[in-house]
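Kindly generate the complete structure, drawing on both the sequences and the hints.
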Amino acid sequence: MSIATIMQFIVSGVTIGSVYALVGLGFNLIFNATDIINFAQGEFVMLGGVLAAIAITQWHWPTAVALIAVALAVGGLGALIDFATISRVRHASVMTLVMITLGISVFLKTGALLAVGPNPLYFPPFTQGLPLRFFGAVIQLQALYVVVIGIVLMCLLQLFYARSSLGREMLACAIDREGAYLMGIDVRLMVRISFFLSALLGAIAGAMITPLTNATYDEGFTLALKGFAASALGGFGLSSGAIVGGLMLGLIESISVAFLPSGWKDSVALIVLIVVLMAKPSGLFGGRQERRHTEVLAR
Amino acid sequence: MAKNIIKVFVLSAAVMLMFTMSPALAADQAPYLIGVSEPMSGAASSLGVPVVESIQLAAEVINKNGGVNGHPIKLLIRDDQSKPDVAVANVRQLIDAGVYGIIGPNQGSNTLAVAPIVKNAKVPLCAFNNTISITRMNNPYIFRCQINDEDQVKAALLFAKTKLNARKIGVMYTSDAYGTDAYHAAEGLVKATGVELVGAEKIDYAATDTTPEWIKLLAKQPQAILLWGSGSSMAVALRNAQQLGNKAPIIGGQGVATLGIIEAAGSASEGLYLMSLTAPDKVTPSQEQLSKLLKAKHGPNYQLFIYDTIGWDALHIYAKALELCKGAKPDMLHAMESIHDLRLASGSYSFSAGNHDGLGVDSIWIVQVRKGKMYGVQHGF
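Those sequence lines, one after another, are chains A and B. With the working numbering applied, the first sequence corresponds to residues 1 to 299, in that order. With the working numbering applied, the second sequence corresponds to residues 300 to 680, in that order.
Worth flagging that the hints you see were computed from the coordinates, not collected in a lab. As the structure is a prediction and not an experimental result, all values here were calculated from the model. Among the clues, some could well be false.
Unchecked claim - Covered by chain A, per the in silico footprint, the following chain B stretches (three or more residues, Cβ under 8 Å):
id : segment
1  : 476-489
2  : 534-540
To be verified - So the derived list for chain B, only partly shown, Cβ under 8 Å to chain A, looks like this:
id : residue
3  : G341
4  : G544
5  : A547
6  : G559
7  : D640
8  : R642
Beta carbons are placed, not taken as given, at the ideal position from N, Cα and C, and that holds for glycine.
This is the structure:
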């Protein structure tokens, strides 16, 4: 296999892995705040791509304006979902809350089908131009945007947690919700912000990937599954875990095609996930429970 | 007094006549029910939506012309959501509703799923699949209102060799029955066509990224590539091929030849060759009526696609069968098998007890996409 081919697989894996990482971060945000897996996370990604395509190609908005507006709108939708549903049944069991998010996922997918139809939607890459060449591998300019913006968002999220009072309050809720409440932190507000940020991240991921793969009303489930797998691989509740998990998942998927029949692509990544979780159930870097325990021991 | 008696008598006779005639009138107007199970949502909806529209147009035209044997045709339309289990449920419902025949499904996997049900119920099924195996299952109730993929793949390979000077062929195909059958057909036709298959990659039917598969296939340096599948993954595949700098001509199967996929692929569809039963720039006399109706609906620039013509044809095939059997349901199968050289929008249909593949290689068009429109390149093989 030539170096160009190997580099191409790596570029492809890192590109799609960045999207998985952003979706995984979205899962983590809501899991940390509520202990639930938000099955509607994939639909936030779908909405980001679909709405951006409509805003740019049908309403002729400038790309930057469309992306910001769509991200904020989908983020607002995430907050609305918490306001209208999750916050109303806060004391319900985790399973009930999960089923609510599943219902919301189906609702959003069906709504998108009725609103925009079954055909794929598309808008041009953020920057038009010839792809770059790196050791013979072709790097689409849009792929660079996906990776770079993904890294920037991940760094901003880490800074948000580390340096802002709001971020530290959210982190406190993730570590110990009851303790945070007793310390005077508005836990409900933290949950709402988590839904907003989670939906915003998903929408940005969806919008970034659309110039590479189109946006369709039913793409949310596959991306959600992969984002969930990324989060589980790295360790639920851990931001760095979702990032590493997403990139690993993308690379494993991409590189596996080089050695195995391509029909195994999706299976290989999930088999690796199962093996890792069997060996280390809390994920590669340990999930939220382990971290909590570790922090208690460090006092 | 006598006048009143006569009036009463005449009135009573008129009422009696009305009651005795009304069952006969009702019987004459009783519609022939035809079931339709098509993917109007899901990954294959780009195929199903235009098909259903053309079936409905055909029904309007047939009914406007007096129906069949004086009976109007009534369509019972169901969405199979591109899923085999939903197709099965639809077909059961349609059979229970008493349909004379069923049109669809569009996907080979769905047809394979419903095949035993129509066989047990003895209801003919007019399927739109190119999937080779659907008429090779010893099921006399499956009719192919399309062309089979063995003929299409052969035509594509011959076109690649003779017109594109390409002997080294790569294949990218979807993992469903449609794609897999076509790939196996290509494997079997290598000797007959004198080409070499240098590589083949399978992609998921609903894939959102096919870059790794393209990387592997393009490393084999094919001189032409067969892209065989349907649904939104085809637009993704075309984009990914373009993004990787592919220069080899791509010949897409019929599943790729939809307006939705070509629009979604954008510039990636430029120069794409497609297997079709229509050349939109060369409307035949048999297609004129349908072309006019669709232009009236969608605008004067509307191009006739294969998924317009096959739906139109399927209902006309059933209309012919109903005419032949005079609406006797048990005779529908024999009537379908009696159809010979029925010239419709996609070509000339002939069925027999030993052949349920309606169209032949003479119906195949190869078209090329240029600036978003399709142009006929070769007709018949």
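Original post:
Quick check: which numbered hints come out false for this structure?
Top reply: 1, 5, 7, 8
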